[in-house]
Amino acid sequence: MTIRNTNRMNRRTLLRTGAAGMTLLMSNAAVGRLAAQEASGQVVIGFSQEPTVMHPHMPHIEVDEGIHFNLFDPLFIVDTEGNFQPSLAREVPTVENGGISEDGLNWRVKLRDDVTWHDGEPFTAEDVKFTIELNQNPDFNAMRRNGHELVRNIRIVNDHELTWEMAEPFAPYPAILSWTFIVPAHALADAENPNQTDFRSNPIGTGPFSFGERVAGNYILLNANKDYFGEGPHLEQAIFRYIPDMTVLYTQFRTGDIDVIGLQGIQPDRYEQAQQIPDREIVIAPSSAVESITFNMGNPLFQDPEVRRALSLALDRETIVEALYYGIPEKTESFLPRESYYYNEKLPEAEFDPEKAAQVLDEAGWLPGADGVREKDGVRLAFKNSTTAGNNVREQAQQLIQETYASIGVEMEISNLPPAVMWGEYWMMSQFDSVMVGITFTTGPDPDVSNYLHSSSISAQGGAGQNTWQYENERVDELLEQGGRMFVPEKRKEVYDEIQRLVHEDMPFLPMFQYANLRGHKTGLEGFDPNVNVRIETWNLNEWRWA
Amino acid sequence: MLRFLTYRLAHSLLLLFLVSVIGFMILHLAPGGPLSQFALSPGMSQAELEKIAERMGLNRPLPVQYLDWAARFVTADWGESFRDGRAVLDIIFGHLFATLLLILTSTILSVGLGTLVGVLGAMRRYSAYDYLATVGAMVALSIPTFWFGLVAIYVFSLRLGWLPSGNMYTIGDESFLDYAEHLIMPSVVLALVQVAIWSRYMRSSILDVVGQDFVRTARAKGLTRRRVLYVHILRNALIPMITLTGIQLPTLLSGALVTETVFTWPGIGRLFLDSLGYNDYPVVMGVLMFTAMFVLLGNLIADLLVAGVDPRVRLE
Amino acid sequence: MSMNTAPPAMAAKERRWITSRPVRRFVRHRLAIAGLVMISAIALLCVVGPWMLPHGMLDIHIRDRFSPPGSETYLLGTDAMGRDLAARLFMAGRVSLMVGIAAMVLSTFLGAVIGLVAGYFGKVIGTVLMRFTDAVLCFPQIFLLLVLAAFLEPNALMITIIIALTSWMEIARIVSAEIRSLRERDFVTAARVSGASHTWIMFRELLPNTIGPIIVAATLTVARAILIEAYVSFLGYGIQPPLPSWGNMLNNAQQFLDTAPWLAIVPGVAITLAVTSFNFIGDGLRDALDARSDLQ
Amino acid sequence: MSRVLSVENLGIGFRSEGQDFTVVRDVSFSLEAGQTLALVGESGSGKSVTSLGIMGLLPPPPQSRTTGRIVLHGGDGDGDIELLGLPESRMRRLRGDRIAMIFQEPLTSLNPVHTIGDQIVEAIRSHRRVSRAKARTRAVELLEQVGIPDPQERLGTYPHELSGGMRQRIMIAIALALEPDILIADEPTTALDVTVQAQILDLLRRLQKDTGMAMLFITHDFGVVADIADRTIVMYAGQTVEEGRTETVLSDPLMPYTIGLMNAVPRLETAGLKLGDLKTIEGFVPDPAALPQGCSFHPRCAYMQEGLCDTSPPSIEDAGGGHMVRCKRWRQIGEGRET
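Residue numbers (the numbering used here), protein chains in the order written: chain A, 31 to 577; chain B, 9 to 324; chain C, 181 to 476; chain D, 447 to 785.
Heads up, a few of these hints could be off.
[What the hints assert, rightly or not] Straight-line distance between alpha carbons at most 16 Å, and here's what the computed EDC-like set of lysine to aspartate or glutamate pairs gives:
1) K361/A / E381/A
2) K361/A / E385/A
3) K256/A / D144/A
4) K59/B / E381/A
5) K414/A / E333/C
6) K655/D / E625/D
7) K59/B / D463/A
8) K655/D / D639/D
9) K159/A / E179/A
10) K59/B / E455/A
11) K376/A / D169/A
12) K406/A / E441/A
The set of hints was computed from the structure by calculation and includes no laboratory data.
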């Protein structure tokens, strides 16, 4: 784990102020005062989904995190490079600095002493303890307990320092903590029912912005927290506008009604047009999600490795990326994002060769039947492919693939489902044949993918996880377990390189490309800096400012 | 009167009960569940999802869930949104203004315009105008509302840039004019179908009344044409229209939903569709119940209004 | 010969002059004939059209995508994947019309049976059925439909069923009202006395007498079903690609509104024409079959 | 006795869906003050259309066209007014004021959503500049005049709260509100009970006596005709087929149609005894667009003579003393009766 103990400022900010040293020397209070003087103007951010869940630990979707990042702070955050930067913690605990014991079992975290909640109460170790315990509370409707469940014996050393033990070493825990927003004990601890609190509609945080108002179905307004301990905010107000229609969203961006177009952003087919709009900057923001066709290995058809190989050979990734996605995302071979330290660059590139695919199938004994569809032992090489109904571009990709597969004698029936059905048991319990889906495999910047690839993560077989393709490989299992206990990045990378190689060979799913979203903002808005390690671009709103 | 009200209320309550059972069954018997939206969140697993389901009480037997829901419903506690935890009723009321603004505006538009078109059509029956109005109304009834909205956006927002393409107001500028500007397209689009319906029924209602003996009496009395029209014909022709307005309420609400989705109007319809997309069952159920109550209440009011303006009707 | 223009006082007295028969009245209804011609033309195009075009509806020509109407071999242009819009429009027409008609048949059947049973048996069964009908009518149709569509696997059959399930109530009401008024008539009593079974009386004696209003309502149901299919598919809950329907063609078209407006205009016009046709026909049928049609 | 209205060669036709047809042809008569003329015929004979023509209540051209002359003779120094072609605004002022009309269906002829007081007041105030209060006082008088008890209270009631007879009395009150010269009564008693019928006829007779108005009484019932009319015109298929003093026509009908109509009247002596004698005329009034050749009544006529009645239409002839008959065989019919 590389640690750069700078303030929570990225390089660009430092260069801009031209006084890097000065800034580092300034007390945080000074920064806060500066921010207070500076804060001016507002930014209107357009989202095509509506943020509604203000409580960062209750079940929510990615758009909600766009708000959480600004109302709250975690102990430390991940920057665009994948490095942890201290936030509420004074420094990121590592083995080197003694924050984490060699075996990964004992943690010690030192907190800032200059932080206050939006309501003026001081922030203390009590709050951190409360937040972790809240996520362990069986009565609390927590979004995820993963990682927190392993924490034992949280001990408050003093107001600004605490320690805990881990039941077992768990390498992804720092990554999990980086999105564990600390919530105020004083506002929540006394609640009779932790699920029903006023906090859900009137959240109190430590973040650069405080909650202003929410007009349901319309917008959320955040106000600058002038006492913010970190950089900024430089804006007085941030408005998150909910515009459910992508066309309207784009139109409003074009007309200037919104300053920033976020989330799914601009549709790829508008890229060229969008670049022509004066005074707008269009940014390609890579996402960590990887689009793939997945096979349910529980289906005998896909247990034949030659079938998977042929299907890969007949998958025209190039056309899909170039034509349907207008070349905006990049083809990939791995499930890890290219930006990750652990990304394996040496994976061989998948070829597109339908003739060879046909040959592979011929050799494997899959021969064309009377209706042109290949058969073997009375089994037709026919399967369904599903995705969320209503995703136009993905539907087009399905149709393109369907056409090529048909040309090699493989019948792929498109059977799309409404989201409620698709991502219910149909997905979780592996009731599909094949699926087209974009998944973020990583846990933040951490490469642990046990949840998706370990044989114990097959929900359909009683496991706990999202190995919905029912992929089982003993060697991969071993490596995953090994990697999950390692805290030294250089060594850990070797393990994950190998995992990526093995999975690439086994092909339980065919990665096509790593998502990239087109986002745009008005020229003159500085600090807009998409981060592949988080799910939303408003992660650093405190740094945004108008030139 | 009292007996009428008691009977109608009892009848409405029975219908509401049936409505709630039907709504509840559809929501809960269908495959998929409210938690599927979290499935693709990093680190999620079926086991975690089941834990959430258990905490939310979603794995209890259906009748138990229904009774629980119903017991709360009758105390005006319609549950909380799965998403933001706010009371469903609050959420609905939060979206009510937008919907009411939209449907009231478009109703005023359509009643005014529909009455005019209908009266003129009836007065000049079989004239070129009447023929045109009839054909026009039929075509208007046949245009898909959402498509008409899209075309309107294309023309007036994208091409001409005259009108905003969506939303109810500009944040920061919530002046009357700003609202009006945002209201034009959605209300006109919603009114299109309503004008067609109103003008058709108005025309037929007028012809119905024109054919009645008392209109002849009125003319035989030597009243002016205008007085015959306003005092004798319209007054009578509008009575069935009150009932019609009540009956048309579901159509109006359906139309509002479509319009709201096209123009991203932050009303009940939009809320419904969003909640559906997020499997926010309590809100979906709440909106279903709310619309049903709205319809029932609307019809009750329509009946009372008819009784108020038509001395022949006695409420029994 | 009708006395439509006669003064009101005359209408009743001189009705015997009216020697009209439903067929003649329908044929004289110019709009109805226009509708019939229009829908026949559309149906014919949808059936024959695809064979007369150089491209199949699934043929992908990525290089030719977004060709505007009239370009080379693409009559109505191409869509985002370079598929021939005309071919898709005609195939989509088949689907949309089929769904509309099938939904009508299903909902008419459902409505007629429920109305028949409710009207004939009156009392308990009738009350229960009609209250149920009233309850379903309380839901605005689109709301109910979307709830169903959001949770069921979307395909043509399912959409048909869902539309039918949310549009039978009107016919049930019409039929039950008619049956209630017919129930006590002499011919029914006669049939009952002669020992005819309930089923016989319902389907052979009563139902044929309500056929006029049913036909009118059914025609208008087709129009509405096509509109609803379009809307649900537009929202993405309806018929799924690659099977085209007029509605899901619009779904894809929405995002290209400013760059390729024909993708939105062409299917929209097709829907409007088809629905207008059915509405015209329904209007004509009502004039022809309903004695009170003058006033409608 | 002064003449108040002359109708000369009245013809009325309609146009429907591009087709023209005539429903009243060449009808002439006149009304005298204080006298009653009955127009008798079946439904569709054109009698109601004639009355509407006088009132100017037919649909405007081209939907209908009226030919001939209708002259309202002035009393009190006014000149004669040609009603045909009179602008609507002037015609309106005459309607209800100089010429009033009552109709067959008292149940539906009053506006159900207005009180009867309002409906009477409205009639007065649309012709006279008087205050509401004055008009109401007049309304009370009128109600008294037409024999309605508690008139003051009745002003506030709605039509549906009254019986048919009462409602017809209200209609009469409205018609008489401005003391018209002419009252057209279109089957005013047809829809009423027999006992009420008699009361209404009595009332009309009494009012006529009091006011001296002329009455055009339209009916299909010869029993009523005998009761009220001074002169009688029998109409068939839009034409006058017999005309004369009521006693003459009743005692010596010469047109087979008149005979048929009279046979259809249940008489006191036949009622209950020889019901079989009550005859109706077979068939229907012909479609005005497809009138039979020759006499329009010949297909239904018991006296029809082939080659005579079905070839050319008969003209109207004087059978003596102003008794006019439109039948080629009236002489034979008259002789037959005498022998």
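Against the structure, the hints come out as follows:
Only pairs whose Cα atoms come within 16 Å are accepted, and K361/A paired with E381/A is accepted, the gap being roughly 12 Å. With a C-alpha separation of about 22 Å, the suggested pairing of K361/A with E385/A is violated against the 16 Å cut-off. Between K256/A and D144/A the CA atoms are separated by roughly 13 Å; this keeps the pair inside 16 Å, and the hint holds. The suggested pairing of K59/B with E381/A is violated, with an alpha-carbon distance near 43 Å, which exceeds 16 Å.
The hinted pair formed by K414/A and E333/C meets the criterion: a straight-line CA distance of about 13 Å does not exceed 16 Å. Taking the CA atoms of K655/D and E625/D, the gap is near 12 Å; set against the 16 Å cutoff, the hint holds. Between the alpha carbons of K59/B and D463/A the distance comes to roughly 27 Å, so the proposed pair goes past 16 Å and is violated. At most 16 Å may separate the alpha-carbon atoms for a hinted pair to count; K655/D and D639/D exceed this at roughly 24 Å.
In summary, the hint linking K159/A to E179/A is supported, as the alpha carbons are separated by about 13 Å, within the 16 Å threshold. Restraint check: the Cα-Cα separation between K59/B and E455/A comes to about 14 Å, which is no more than 16 Å; the hinted pair holds. With a CA separation close to 47 Å, the supplied pair K376/A and D169/A exceeds the 16 Å bound. Taking the CA atoms of K406/A and E441/A, the gap is near 14 Å; set against the 16 Å cutoff, the hint holds.
The earlier numbered hints that this structure contradicts are 2, 4, 7, 8, 11.
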